[in-house]
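Undergrad: Listed here are the chains, written in short residue letters.
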Amino acid sequence: MARALWKGNEALAEAAIRAGVDAFFGYPITPQTELLEYMARRMPELGRVFLQAESEIAAINMVYGAACAGARAMTSSSSPGISLMQEGLSYIAGSEVPCVVVDIMRGGPGLGNIQPSQADYFQLTRSAGHGDFHPLVLAPATLQEAVDLMYASFDLAFRYRTIVIIAGDGALGQMMEPVEMPPMRPPAQDRPDWAVFGAKGRPPRAITSLYLDAEELEQVNQRLQAKLKVIAAGEQRWECYLTEDADYLVVAFGTVARIAKSAVRAARAMGVRAGLFRPISLWPYPSGMLGTLIAQMRGVLVVEMNAGQMLEDVRMAVCGRVPVRFLGRMGGVIPLPDEIAAEIVHMARTRQRGNGHGAQRLLQFKE
Amino acid sequence: MTSLSLRASLREVSVPPQMEIVYAHPAALADVPMHYCPGCSHGAIHRMIAEVVDELAIRERTLCVAPVGCAVFAYKYFNFDSCEAAHGRAPAMATGLKRILPDRIIFTYQGDGDLASIGANEILHAALRGEPIGVIFVNNAVYGMTGGQMAPTTPVGMKTTSSPLGRDPLTQGRPIHLTEMLATISGVAYAVRRSMHSVAEMRKTKKAIRLAFQAQLQGLGLSLVEILAACPTNWRLTPVEALDFIRDRMASEYPVGDFKVDERLRNWSGEC
Chain A
1 MARALWKGNE ALAEAAIRAG VDAFFGYPIT PQTELLEYMA RRMPELGRVF LQAESEIAAI
61 NMVYGAACAG ARAMTSSSSP GISLMQEGLS YIAGSEVPCV VVDIMRGGPG LGNIQPSQAD
121 YFQLTRSAGH GDFHPLVLAP ATLQEAVDLM YASFDLAFRY RTIVIIAGDG ALGQMMEPVE
181 MPPMRPPAQD RPDWAVFGAK GRPPRAITSL YLDAEELEQV NQRLQAKLKV IAAGEQRWEC
241 YLTEDADYLV VAFGTVARIA KSAVRAARAM GVRAGLFRPI SLWPYPSGML GTLIAQMRGV
301 LVVEMNAGQM LEDVRMAVCG RVPVRFLGRM GGVIPLPDEI AAEIVHMART RQRGNGHGAQ
361 RLLQFKE
Chain B
1 MTSLSLRASL REVSVPPQME IVYAHPAALA DVPMHYCPGC SHGAIHRMIA EVVDELAIRE
61 RTLCVAPVGC AVFAYKYFNF DSCEAAHGRA PAMATGLKRI LPDRIIFTYQ GDGDLASIGA
121 NEILHAALRG EPIGVIFVNN AVYGMTGGQM APTTPVGMKT TSSPLGRDPL TQGRPIHLTE
181 MLATISGVAY AVRRSMHSVA EMRKTKKAIR LAFQAQLQGL GLSLVEILAA CPTNWRLTPV
241 EALDFIRDRM ASEYPVGDFK VDERLRNWSG EC
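Line by line, the protein sequences are chains A and B.
Numbers 1 to 367, taken from my numbering, label the letters of the first sequence in order.
Numbers 1 to 272, taken from my numbering, label the letters of the second sequence in order.
Certain hints may be false.
If you anchor each label on the Cβ, the simulated ranges turn out as follows [claimed, not checked]:
1) A:L212 <-> B:E60: 23 to 33 Å
2) A:V230 <-> B:S252: 58 to 68 Å
3) A:V220 <-> B:P239: 34 to 44 Å
4) A:D190 <-> B:P102: 44 to 54 Å
5) A:V230 <-> B:L237: 30 to 40 Å
6) A:G47 <-> B:V32: 53 to 63 Å
7) A:D155 <-> B:K159: 55 to 65 Å
8) A:A152 <-> B:R249: 57 to 67 Å
9) B:V32 <-> A:D155: 29 to 39 Å
10) A:R126 <-> B:S252: 47 to 57 Å
11) B:V32 <-> A:Q189: 50 to 60 Å
12) B:T238 <-> A:L212: 22 to 32 Å
13) B:A251 <-> A:S83: 39 to 49 Å
14) B:Q149 <-> A:L212: 13 to 23 Å
Result set (DSSO-like, lysine-lysine): computed pairs, CA atoms no more than 27 Å apart in a straight line [what the hints assert, rightly or not]:
15) A:K200 <-> B:K207
16) A:K200 <-> B:K159
17) A:K200 <-> B:K206
I should point out that these hints are in silico values taken from the structure, not numbers from a laboratory.
Fair warning: this is a prediction, and the values are worked out from it, not measured in the lab.
Glycine residues also receive a C-beta, built at the ideal position from the N, C-alpha and C atoms.
Make the full structure from the sequences, and use the hints.
TA: Written out as structure tokens, the structure reads:
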């Protein structure tokens with residue numbers, strides 16, 4: 001199929017449709033609204049379910065209901081809306097029904113603004129709701145990758161009966177890029193053997209996350225954790241860019257990572273052998289590959305559009321073996337290639353003067 | 001002999017030719033002990049729902065969305081498919097189910113805290129959309145599961161664990177009349193209030209539940225049956241006193257009656 005120019009939010013919607021999504025429930029919020037609007041047009045054309053809910057709370061609980069019936073159900077939102085969905089996400093995780101959620105992150109906290117941000121990293125990877133669980137979180141850096149990950153997301157969600165979150169930011173949602181769309185897949189015909197759709201010719205089923213007996217709930221948690229271990233072992237995704245001969249490593253995800261690629265090239269032009277490690281799965285975090293790369297590095301620079309959230313995962317993977325610096329822009333400010341390149345070069349020169357550990361500033365923000 | 005083994009032995013009994021079975025365990029009700037307190041109305045309401053499901057022969061295509069509250073285990077007591085919703089979100093969850101399974105009979109079972117407080121927005125918008133789902137709204141004027149706190153339906157002056165001096169309308173508001181409110185919405189096909197305080201009222205309650213399911217079978221819109229129910233434990237009354245409390249205190253604030261009945265249901269002459 002030929003490449004065509006797509007807007008990020010609409011490309012995500014079309015990719016979900018081609019992946020066979022049965023039902024979309026959502027609520028308007030900038031900068032993801034075009035995704036909902038696209039679904040409002042396309043889903044009824046295809047005889048599938050579109051419903052604009054009264055709130056993000058209702059939207060995620062509609063997803064929960066449709067998912068219980070075995071449907072490929074999804075919603076999309078942006079940071080404040082994801083906060084409202086946390087309750088439903090926790091129930092969905094506890095009930096082990098599959099669903100897909102898109103978060104087009106914006107600046108926070110509070111109402112914040114509608115500019116791109118990565119400040120939901122902790123919320124998505126660590127605290128998507130109460131209780132012990134992690135969604136599978138995928139962070140595309142280009143629209144083609146966003147489409148490909150969205151296309152794969154329902155298979156992942158159903159394989160593991162888990163929540164898959166596509167984590168983009170306002171830039172990814174709003175930008176336009178050429179995309180090659182995958183082929184249209186028909187919605188699944190068979191209902192899963194765990195779904196509820198009427199107890200005809202079989203014993204009744206109940207989908208619940210309630211286990212009043214402590215030992216029974218602990219066993220449920222142990223089963224969930226065992227499943228998360230399987231996901232953690234099998235679903236780590238990453239990209240390495242110019243890392244083979246690199247002395248200094250930039251770690252960045254999503255929109256920031258593609259900016260960091262320019263910075264890495266600029267740093268190389270200034271004589272610093274820099275490379276980029278780009279986590280694609282934020283949970284599970286590709287710690288093993290990062291830990292392996294670290295062995296050859298003299299320093300690491302983490303760049304994020306937040307106050308240093310993925311930084312914690314990097315520090316855990318690095319384990320103090322090399323200095324870790326951080327460059328963060330917040331409130332919807334996007335870091336520029338020049339400032340990232342300047343940080344890489346500064347890191348290298350500081351190391352060459354031999355006082356890398358003493359001079360490192362672990363948290364650095366632009367004034 | 002426990003009631004369970006009595007029930008089992010009754011099933012095995014062969015009926016002499018001159019006799020007929022006039023009362024049996026509904027197929028739609030699971031054969032398990034319930035956890036409800038003595039004098040609680042939930043068990044009887046569960047049974048009425050199960051009887052209606054059997055009478056309409058819809059057990060294999062009925063789904064219950066259970067609430068958070070005392071009826072949280074409703075899914076264990078019905079012999080058909082069910083889901084457990086988050087507190088107040090049952091109408092949203094039922095919406096998701098019904099949109100995927102439009103030919104199934106989907107109902108929520110919700111208490112007054114669940115439906116009239118934390119889930120007021122979800123029930124309101126399910127009604128606005130005219131979702132063809134059933135809503136069994138059990139109003140016992142308190143949060144039962146958490147130990148009898150004030151609910152939005154608590155009568156003025158009633159003492160609860162969170163209104164120890166009695167509900168003061170100046171600071172705690174007056175009881176909400178959600179069924180009357182929902183009856184004003186065009187998407188609602190059926191909105192009535194019934195009571196569990198006497199056998200005669202219970203018969204009317206069952207008939208209303210049957211009409212609510214019938215409304216869904218006909219695809220008429222959202223159907224809601226509010227049921228005034230007893231909570232002797234949290235009211236600190238005996239089961240018999242609790243029935244009098246419904247009749248004397250609750251029914252004066254919440255009169256039983258029909259607030260909306262779709263014309264197409266009025267012509268239906270189903271017997272119960």
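Undergrad: Give a verdict on every hint.
TA: Status of the hints after comparison with the structure:
1. Here the CB-CB span from L212 of chain A to E60 of chain B is close to 29 Å, well matched to the stated 23 to 33 Å.
2. As the Cβ distance of V230 of chain A to S252 of chain B is approximately 59 Å, the hint placing it in 58 to 68 Å holds.
3. Under the hint 34 to 44 Å, the C-beta atoms of V220 of chain A and P239 of chain B, about 36 Å apart, fit the expected range.
4. Checked against the hint of 44 to 54 Å, the C-beta distance between D190 of chain A and P102 of chain B comes to roughly 19 Å, which is inconsistent with it.
5. Distance hint check for V230 of chain A and L237 of chain B: the Cβ-Cβ separation is about 53 Å, which falls outside the suggested range of 30 to 40 Å.
6. Range check, G47 of chain A to V32 of chain B: about 40 Å between beta-carbon atoms, so the 53 to 63 Å window is missed.
7. D155 of chain A and K159 of chain B have their C-beta atoms about 56 Å apart, which keeps the hinted 55 to 65 Å range intact.
8. Here the CB-CB span from A152 of chain A to R249 of chain B is close to 59 Å, well matched to the stated 57 to 67 Å.
9. In this structure, V32 of chain B and D155 of chain A meet the distance hint of 29 to 39 Å, their C-beta atoms being roughly 38 Å apart.
10. Separated by about 52 Å at the C-beta atoms, R126 of chain A and S252 of chain B satisfy the suggested range of 47 to 57 Å.
11. Separation of V32 of chain B from Q189 of chain A is about 34 Å and departs from the stated range, judged on CB atoms against 50 to 60 Å.
12. At about 27 Å, the beta-carbon gap between T238 of chain B and L212 of chain A stays in the expected band of 22 to 32 Å.
13. For A251 of chain B and S83 of chain A, the hinted distance range of 39 to 49 Å is satisfied, since their beta carbons lie about 42 Å from each other.
14. In this structure the hint that Q149 of chain B and L212 of chain A lie 13 to 23 Å apart at CB holds, the actual value being about 20 Å.
15. Pair hint K200 of chain A plus K207 of chain B holds up; C-alpha atoms about 26 Å apart against a cutoff of 27 Å.
16. Taking the CA atoms of K200 of chain A and K159 of chain B, the gap is about 47 Å. The hint is violated against a cut of 27 Å.
17. For the hint linking K200 of chain A to K206 of chain B, the alpha-carbon distance of about 25 Å falls within 27 Å, and the restraint holds.
Hint violations for this structure: numbers 4, 5, 6, 11, 16, all remaining hints satisfied.
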